[in-house]
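J.: With chain A's structure known, arrange chain B on it following the hints.
Residue numbers (the numbering used here), protein chains in the order written: chain A, 11 to 125; chain B, 108 to 224.
Each hint should be verified, as a subset may be incorrect.
Stated by the list, open to error - Result set (DSBU-like, lysine-lysine): computed pairs, CA atoms no more than 35 Å apart in a straight line:
| # | chain 1 | residue 1 | chain 2 | residue 2 |
| --- | --- | --- | --- | --- |
| 1 | B | Lys185 | A | Lys34 |
| 2 | A | Lys34 | B | Lys221 |
| 3 | B | Lys162 | B | Lys185 |
| 4 | B | Lys211 | A | Lys78 |
| 5 | B | Lys177 | B | Lys211 |
| 6 | B | Lys211 | B | Lys221 |
| 7 | A | Lys88 | A | Lys34 |
| 8 | B | Lys211 | A | Lys34 |
| 9 | A | Lys88 | B | Lys177 |
| 10 | B | Lys180 | B | Lys162 |
| 11 | A | Lys34 | B | Lys162 |
Derived from the structure by calculation, the hints contain no laboratory data.
Note that the structure is predicted; figures quoted are calculated from it, not measured.
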Amino acid sequence: DAGVIQSPRHEVTEMGQEVTLRCKPISGHDYLFWYRQTMMRGLELLIYFNNNVPIDDSGMPEDRFSAKMPNASFSTLKIQPSEPRDSAVYFCASSYRRDGPYEQYFGPGTRLTVT
Amino acid sequence: AQTVTQSQPEMSVQEAETVTLSCTYDTSESDYYLFWYKQPPSRQMILVIRQEAYKQQNATENRFSVNFQKAAKSFSLKISDSQLGDAAMYFCAYRSPPLSGTYKYIFGTGTRLKVLA
Numbered sequence: 011d012a013g014v015i016q017s018p019r020h021e022v023t024e025m026g027q028e029v030t031l032r033c034k035p036i037s038g039h040d041y042l043f044w045y046r047q048t049m050m051r052g053l054e055l056l057i058y059f060n061n062n063v064p065i066d067d068s069g070m071p072e073d074r075f076s077a078k079m080p081n082a083s084f085s086t087l088k089i090q091p092s093e094p095r096d097s098a099v100y101f102c103a104s105s106y107r108r109d110g111p112y113e114q115y116f117g118p119g120t121r122l123t124v125t
Numbered sequence: 108a109q110t111v112t113q114s115q116p117e118m119s120v121q122e123a124e125t126v127t128l129s130c131t132y133d134t135s136e137s138d139y140y141l142f143w144y145k146q147p148p149s150r151q152m153i154l155v156i157r158q159e160a161y162k163q164q165n166a167t168e169n170r171f172s173v174n175f176q177k178a179a180k181s182f183s184l185k186i187s188d189s190q191l192g193d194a195a196m197y198f199c200a201y202r203s204p205p206l207s208g209t210y211k212y213i214f215g216t217g218t219r220l221k222v223l224a
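Here chain A stands alone, though its shape is the one from the complex:
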């Protein structure tokens, strides 16, 4: 299994630009999570999906952030417009409800820098 795949690995953009981060979960997993990691705030859950449906988006910081999961094998996190304070590492993770303790498997992350 290839694991959770995220793209791009690094993104540098200018303030005001739209940024789209992509994630492909492990095949067969029915939960998908988006996290943001910064030095100041640690690892924060932004949103999670079950069977492609958003379940909890209470962690999404503001309306500039949106996430979609059009099918079981693809999800996007979009920031529009981007701001310097959005600079962080964004992780996608997936898990399988019936897989025992339901541990999450993380992707390699996308390091976003907004200048």
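T.: Chain B in isolation, oriented as in the chain A frame:
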């Protein structure tokens, strides 16, 4: 709401020695799951060990073991025979049981482990 606290921002251990990382949590649930994740400089989050709250026996994975004290709500990670490759940030995480209706993980703030040669 559940919380996870890691009170040691940074720890150091001599190579081949043993180190224990602390984690406490707060919950009113009786059935839940606890995890330790490792994040090396590559930033990939790697599952180290997991513990089901209903199991009294402490989980062990090779050189990694936990001391799970349910009444005290404590979940420490012991690394034996520390190796240079163990140097990383370690995160403790809590997960509610499936019947709670939530699949959120609550992560601690992490402990950075340095291994000295």
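J.: Are lysine 34 of chain A and lysine 162 of chain B close enough, with their CA atoms no more than 35 Å apart?
T.: holds, 33 Å
J.: Assess, step by step, whether the Cα of lysine 162 of chain B is no farther than 35 Å from the Cα of lysine 185 of chain B, and give holds or violated.
T.: holds, 18 Å
J.: Within a Cα-Cα threshold of 35 Å, do lysine 34 of chain A and lysine 221 of chain B meet the stated pairing?
T.: holds, 33 Å
J.: Lysine 185 of chain B and lysine 34 of chain A were given as a pair; does the straight-line alpha-carbon distance stay at or below 35 Å?
T.: holds, 34 Å
J.: Given the hinted pair lysine 88 of chain A and lysine 34 of chain A, is their Cα-Cα distance within 35 Å?
T.: Holds: lysine 88 of chain A and lysine 34 of chain A sit about 15 Å apart, inside 35 Å.
J.: Below or equal to 35 Å on CA atoms is what counts here, so check lysine 211 of chain B against lysine 34 of chain A.
T.: Holds - the C-alpha atoms of lysine 34 of chain A and lysine 211 of chain B are around 19 Å apart, at most 35 Å.
J.: Take the C-alpha atoms of lysine 211 of chain B and lysine 78 of chain A, compute the straight-line distance between them, and say whether it is at most 35 Å.
T.: Roughly 18 Å separates the two Cα atoms, so the pair holds.
J.: Within a Cα-Cα threshold of 35 Å, do lysine 88 of chain A and lysine 177 of chain B meet the stated pairing?
T.: The hint is violated at about 40 Å.
J.: Checking one constraint from the list: CA of lysine 177 of chain B to CA of lysine 211 of chain B, max 35 Å. Satisfied?
T.: Measuring from Cα to Cα gives roughly 20 Å; hence the hint holds.
J.: Could you grab the alpha-carbon distance between lysine 180 of chain B and lysine 162 of chain B and see if it respects the 35 Å cut-off?
T.: holds, 14 Å
J.: Decide if the proposed pair is consistent with the structure: lysine 211 of chain B and lysine 221 of chain B, CA atoms, cutoff 35 Å inclusive.
T.: Given that 35 Å is the threshold and the Cα spacing comes to 29 Å, the pair holds.
Checked against the numbered hints above, the structure violates only hint 9.
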